[in-house]
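Trainee: Okay, here's what each chain looks like letter by letter:
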Amino acid sequence: MSVSPPDITVAMRRTLFMGGSILLTATGFALLLHSYSGQPIFWPDYIVLALFPLLFGQIALGFLLALFGFYDWLRGGDPFHLLRQPWRGKEDVVLLAATAIVIPVFNEEVERVGRGIENMWHSLKKTGQLGHFDFYLCSDSNDPDHWIEEECAWLHLCQKLNAFGKIFYRKRRHAINGKSGNVADFCRRWGKRYRYMVILDADSVMSGPTMVRLVRAMEANPEVGILQTQPSMVLGQSFFRRILQFSNSIYGKIFSQGCSFVQMSSGSYWGHNAVIRIAPFIEHCDLPMLPVPDPRRRHVLSHDTVEAALMQKAGYEVWVAYDERGTYEEGPPNMSDMLKRDRRWCAGNLQHFWFLFARGIEMGNRLQIWIGLMAYLCSPIWLTFLIAGSIGAYDRARFLAFSAGPEDLGVAQSSEAPFLFIITVALLFLPRLLGIISSLPQTKRPGDCLRLFVSSLAETAASILIAPVLMLFHTCFVFQALFGWQIKWTTQNRTDLDLTLSHCLKLYGWQSGLGMTGQILAWSYLGFNSFWLTPIFVAWILAPLTAWITSWRGLGQTLRACGFFVIPEESQLPAELDGLAGDGEDEARPGAPLWPQALLSPYVQAVHLSMVRQRSSLRRTAKPASSLAHLRERLIRHGAASLERKDILRLLGDAETVFWLHRELWSRPDTGLHSSWQFLQSSSGTNLLLRQYLLTEEKSAHI
Amino acid sequence: MNSFLVQTTGHDPAAWNQAHDRVRDFLNAFVPGDHAQVSRLTLQLLDQAREQHRRDPSVPPVSLAVAQAQKLVAEWLVSNLNLEDQPPSRLFASGYVAVLLSQAFRTAPETFLVSPLPANLKESMRETLLITGPDLKISSMTPRHIDYGPMLDLAQRTWHCWNAREITVALLFWSCVYFVFYWWLSGTL
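Respectively, the protein sequence lines represent chains Z and Y.
Letter by letter, the first sequence follows residues 1 to 703 in the numbering used here.
Letter by letter, the second sequence follows residues 704 to 892 in the numbering used here.
It should be emphasised that the hints constitute simulated quantities derived from the structure, not laboratory data.
Remember, predicted model here, so these are calculated numbers, not experimental data.
In this text, a Cβ means the ideal position worked out from N, Cα and C, and glycines have one as well.
Take the hints with a grain of salt, since some may be wrong.
Claimed, not checked - Some chain Y residues well away from chain Z (every beta-carbon gap over 10 Å; in silico):
1) 728
2) 819
3) 850
To be verified - Here are the computed lysine-lysine pairs in the DSS-like style, where the Cα-Cα straight-line distance is at most 25 Å:
4) Z:506 - Z:444
5) Z:126 - Z:166
6) Y:774 - Z:160
7) Y:825 - Z:192
8) Z:166 - Y:840
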C-alpha cells in the first residue's frame, strides 16, 4: 500500500508556494525601487537593494506558509496526508512491531526524566500495548553526580514499575558526536532488536495512544521512514516560557500545517518526538563528515535535518503529523537559556549549507535547509540592512541640504514607500491574525476570546522587544560559527529559575549601551527620519530589563491565574504531564557531591558495578595503570575536590578501581584519608541517593 | 587502665575508638533496621580484630576491624546466596543488589548478617536478578558517501589551489556583477 501523494499535487503546491514567494518578493522589490524614484542614490543604497530581496523573501515565505496552513485548517486538514489515508479505517487491526523509546540524556534533571518515563509507561499500559515497547535511557552525562544518580533512578524506576527487562539504562564510555552519536550507538548495539524507535528529548513526553497510533501508521505504510509530530510546548512557569508556549500553541500549528502542505512526504524531522524506521536509519542515516579542513569541525552538529534528507535520499518518506495531540516538550525558561540553545542551533544550521547543493537531496529538504540557514543568516543581513539604510538616509539628507537642485528633489513622487511599509507589516502580522482565528474554537469560557486577543497583543509586543536583541546575538553566533569557535552539546536548563538582575546587566548591558549610542547618533544625524529605528534602539536599551522581567516565575504564574497566555493543555492537564512541573526552588541539588557514594555505600556501589561494563578490569590481577593508581591515591589522600571531572569519570568507569576504592576508603585509618571522607562515611547510610531512590517504601519487584 | 590497653593492643584507645566508629558506620551503610544488632556486631568484630592485632600489631586496628566486617559480609553472602567461586567484586556487587532488591534488612531487620537466614528470605534474595541491558545485536552503521556537489568542488579548489588566478577571476566576476547591477539601476531610476 502506498500513500505517496500524487506527483501533480506535490508539484502544484510547491509551484504555488515558490511562485507566490517570488511574486511577493518581486512586488516588494519593485516597490522599493520605485520608492527611490527622483532621489539620489548612494553606495549604501545598493547594499539595501541587494539585501532587501533576501529579507523580504523570508517574510514572504513565512506569510505563505501561514496562509497555506490556515487554508488547510479551514478545509479540515489535508486529504493527502499520511494520517488521513484509508488505512485509518482499519487502524485497530494493524499489529504493532517491537519499538524502542530512546531517551538520550546529558546531565539532565534525573528526577524529571524519571517521572516522564513513568507517565509514559502508565499511559502505554492503559493502551494494552506496553509489551511492544521498551525504554532506553541513553546517557552521555559527563557529570559524575548525574551519572550515579541516573543509575540509582533507573533501578528505582524498574523496581517501582516492575520494569526489569523493559526499561534499560546505558552510559556511553566515550560520548562522541553528541546526541546523534548517542542515538547511533543505540542503533549499533540494539537497533536490530526493534523495527521502530521513538526518539525523545529529556524533556519530551508522548502519550501512549499517540505512540501506538504513530507506530501503526508506520507499520501500515512501509515507505515511511520518519514520522515527526508537532510537540506542544508545555509546563512553562516563567513569563518567557509562557510566552513561548502560547506562541507555539497559537501560531506554531498553522505554520507546521503550512509546511506540511508544501512539503508533504518530504517533511521535516526535528530530532525528537518522532518515530523512526530503524533499519533504513541504520543503513542510510549515519551522518557523513563535512568536507572541511579542520577535523574538529567535521561532525554535523544539528543532525535532524540531515537525517531527514538522507532518509528521503534513500527513497523513504518523511511526514509531519502536525495535528497529533499527546506529544509534548518544554521550552527554554528564559532568554539566556534560549540564546545558549540558539548558539548551538545556529552553528548546526550553518553547517547545513554543505547539503544545500549536495546531489540526490530532495527539493523539499533543500527548502528546509534554506529556511534553517536563513533563520540565523537573516540577523546579520538585517543588521547590515539597517546600518546601510541609515547611512544611505544620512547621505541623502546631507546631499539635499547642500544641493542646488529643484525644490522637489528628494521628495518621493509616489506613495510606494508607505505602501511597501504597509505590505511588510501586513505580511508580518497577518500570520498572527490567522493563528488567533484558528485558535478561536479552543476558547470555551466567556471572556476567553478577549483574553486570547490581549495575550496575543502582549506576545506581539514582547516579540517586538525581543527580536532586535536576538538579532544582535544571532549575528555574533553566525560569526562565531563562521570563524570556527567550537560549539558543544550543552545541557539545556529546563528549570524556571528567575535570572538575577546582575546577570542580565552583564549579559545584555552592552546592548543597552549600543542602543543609547545608536539613538543619540540617529537623532543627531537623521532627526525625525530616524523614527523607524526607534523600536530597535528601545529594544536594545531595554534588553537587560526585558531578559530579567521575562524570567520571572511569579509574573508568569500571576498571568496564568488571570487567564492570560493559557494553552489548551493547561485547561485540562493531560495525565502524561502529571507531576512533571518542577517548582524550581526544590530542585536545587544538595551541596555535597553524590558520586562518592558509589565508592562508599554498598548499595550504590553494587548498582554502579552492575552497570559499568564488566570488562577485563575485573579479572585483572595485575596492577592498574600507573596514572590510575596515582589518581586513586590522590582521591583517598586529598579528597574528591583534588580531582578533575575527567579523572573522576575515569575512576568511576573502571570497575576494579571502584571496588578497590570501596575497600580502601573503609579500611584505611583516618591518618591516611582526607578529612572529607570521614563525614561521607558517617552519612553513607542516610545519603540522598538511598533516601530518594534505593530504599523507598514501594514494594520491590523481582524478575 | 589506659596503659594496660596500650600494652595489650599496641595502640592507644583513640585508634580503637576510630575502629569502632568505622565499623559501626560501615555496618550502618547497609541501612539495617536493627540498631542493637549493629552494636552487637560492632563489638564482636572489634574483639576479633583485637585478637588479630595481638598476633600482628603492625596492622592498624581500623584496617583489621573493617577487614573482619568485610569478611563477615562476604561469608554471609556466600552462604545465603549460592555465590561461591565468584571473584570478590562480583560477589559483593551481586550480593548487595540481591539484598537491596529483596529489601531483606528492612523487612526482617533482625536477620542483618545473621546466618542461617529464614528459608523464605533466602529464596527471595536468590530470586532477584538485575537486568541491566538486553543482549547486544550489533549492527554496522557507517556513513554513506555523499556527493556535496558544486560547492565542494568550489571549496576544494579554493582551499587547495588558492592562487592569483582564482583571485583575479573572482574579482573580475564580481566586478562585472556589480557593474551590471549599477548600470541597470542607474538606467532604471
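Trainee: Would you mind marking each hint as holding or not holding in the structure?
Mentor: Okay, the hints, checked on the actual structure:
{"no.": "1", "hint": "728", "result": "violated (5 Å)"}
{"no.": "2", "hint": "819", "result": "holds (21 Å)"}
{"no.": "3", "hint": "850", "result": "violated (4 Å)"}
{"no.": "4", "hint": "Z:506 - Z:444", "result": "violated (44 Å)"}
{"no.": "5", "hint": "Z:126 - Z:166", "result": "holds (16 Å)"}
{"no.": "6", "hint": "Y:774 - Z:160", "result": "violated (32 Å)"}
{"no.": "7", "hint": "Y:825 - Z:192", "result": "violated (38 Å)"}
{"no.": "8", "hint": "Z:166 - Y:840", "result": "holds (16 Å)"}
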